[in-house]
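A.B. asks: Take a look at the letters that make up each chain.
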Amino acid sequence: MIDLSEISSPLTLTDGAIAVLNLQAQIEGLEGPGTSAEGAILIDLLILRGLILGRINDYERAAALADCLVSAAITDATAYLVRARTHAVFHRFPEALDDLDHADLISPQGAAADRERATILQAMGHYHEALATYEACTVDCGGQFERVAALAGFWAERGKTETAHHFYLDSQRSYRGVSPFPLALLDFQLGLMWMRQDRLNEARKCFRTAVRRVPAFAAAQGHLAEVDAELGESEAAIGRLIPLATASDDPDYTAQLARILGEIGRGEESIAWRRIAANRYDELTAAHPAAFADHAAEFWLGVGNDPQKGLRFAEFNLRVRKTSRAYDLLAKALDANTAGAASAPSFGVHLPN
Amino acid sequence: MSDHFSGPRALSEPSADITDVYAFPAPDSPSHLVLVLDVFGKAGPSAVFSDAVIYRFRIRPVDIAGTGAEAAFEPGQSEFVFDFTFDVPNGRSGSGRPIQQGRCVTPNGNTISFHVDNENGDANGGVRVFAGQRSEPFFLDVRMIEKTAATSKLSFKPKGSDTLYGTNILAIVIEFEWRKILKGGPLFAVVCETLAAGKRPVRIERVGRPEIKNVTLSWKQFDQVNKDLEIRDLYNSEDAFDLKADYFDVYRNRMNANLAFHDALDGKIDWPLDQHGNHPLTKLLLADFLVVDASKPFAEASYFEIERSMLENRPHGTPGGRWLNQDFMDFVYTLYVNGGNGPPISDGVDGPIAWSSKTFPYLAPPNPAKAPAA
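Residue numbers (the working numbering), protein chains in the order written: chain S, 49 to 401; chain Y, 21 to 394.
Honestly, the hints are just simulated from the structure, not real lab data.
A few of these clues could be false.
[To be verified] Computed footprint of chain Y on chain S; a stretch qualifies when at least three of its residues, placed anywhere within it, have a C-beta under 8 Å from a C-beta of chain Y:
| id | stretch |
| --- | --- |
| 1 | 62-73 |
| 2 | 78-84 |
| 3 | 267-274 |
Bear in mind that the values here come from a model prediction, so they are computed numbers and not experimental data.
Even for Gly, the Cβ is constructed at its ideal location relative to N, Cα and C.
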């Protein structure tokens, strides 16, 4: 059982609303012509805003700017490093690794690039290599917080709750900044870990901590809503999801909202949100198939109610990354398309493709 | 840039990233001293001060402890502190700026409450304060500075490109009658800090002199001892008035190496190293605070005049410190490259988008926001 008193450290952090205002101000201030280094910072900030506010168009813009940066400065290692990050965001892992290699060829990039490489290897399901790379970073250099936070995330992903929790507490102790974003992101990762273990109360505490630090943190709000609904608090979940579904261009919130509304018998509203989510998943899987295959598969296997389409995306997702969750998703898709299909939960009529 | 984006930690919290510090006698009132602390380089319109950061001005009386080759300062032990803190914004003004309030605690314990962006400032007990968004007063061509370091050749063009043109910062300005608020002097050392608030405030950044962490300490490639080490966060964490012996040699080696690199840029040596390999400016620059003589009348270009006079064994004639409109990059490259023994070196950027005025709050109003690139 997670002990929140361990989490509630005496850290002094910038208020989440100020942090978001200033993230916005940093982005606005770096718009327009600037140095290559400023371009790289702008790309990182767009990725961060995309992550916090759930804005896929920020990721898309970051990717476009990274391509421009590389075109304009083909001998600049930093340009390749940030483009690797944007490739990783869209799950274009081989291209991301190529860019990291290219950056290292131009000039050795050190611990920051190694951590980037480890994150990509982890996302691809190459856990041994990822862990070895994370641990090599410890010998090399880099901030203590970044090191232990990365390991907390790694073990959380692997479902090793005790080890992840240990590194989570370590990272809290080693944090020296005042920005709330790194800690909120870590709270979120721990919340996901507990959620995947079906330990919903622990998950809820972590998501609530993340939301307390940064109220606008869309993914934390969305997962908190999901947990609320699982724990029988559907109205609270709907209250959290409607603003997200309205403001975000990420269809996950719309899909969740459709599912919860369907489960409590508000069928017409559910169908309306489901249609919006379906259209958006189609757009996103056409534009960025690798990035959205897993979430689209989940959608079509669930409230989207098109198991065959779900299976296609689950198969594609496994080709992109051979993680344990990708295998689980494929198993779920196969089950929904074979013997289990008859007993699968029904979410109503098929939507037109 | 003067101290913009000076280290990984500063980058992660822009509202704690000190970009510049200025200290000068009030142009229209020689009995008043003005101190300015700028943070958040390239700040967009929504930028606000952090509620988790203390913005601190530290002032100590300072003596000249040596001149000539032994030129050095000796800061006193008494210290005068102005602390600024800010609330979480509440709503938006007519111009769209977040509405924020703040407080200044003066050295005698008075608290001045103020509204951010109030051009007239707020005053109490002989201290006038301003905090808000203003036009960036610093100007330089970063690309050509980087090219100079990369090619080991002075790369400035006759007409340079101002990297900070049309950008904004968040500024804090204090003006006070120095004889009433401070004790000792008239020579004072000024350093500004940002600290993570809390029971035991932790220093995030400190700035005294301009271009110490960027031009003078950031280049790693000339440092034969710590070629791979980013030392600026370490340097930031130190007390400017009490550098610890543990890392002093790390800073000294880096500074000696980078100053020697600059000296060689014109093909001749104007600053011969001593028998220990120390550059003549290293000791003075590692005394990383602005030294201002509050008894002297305002002067336009007086930064380092006190230090130069110490090196040349003569009395200083200006207030030293630093005024907002001084062309600092021309000054520092001329100082580092030829020590004033050769022609002035210009970076080709001769002014910001708007000059600072000689009336409170001195810095020009903020510039309009830029449109995103396509």
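A.B. asks: With reference to the structure, classify each hint as holding or not holding.
C.D. replies: Hints and how they fare:
For the stretch 62-73 of chain S, the assignment as covered by chain Y holds, since 8 residues bring a beta-carbon within under 8 Å of that chain's beta-carbons and 3 suffice. Here's how the stretch 78-84 of chain S fares: 6 of its residues keep a CB closer than 8 Å to some CB of chain Y, so the rule of at least three is met and the hint holds. Counting residues of the stretch 267-274 of chain S whose beta carbon lies closer than 8 Å to any beta carbon of chain Y gives 0, which falls short of the minimum of three for the stated coverage.
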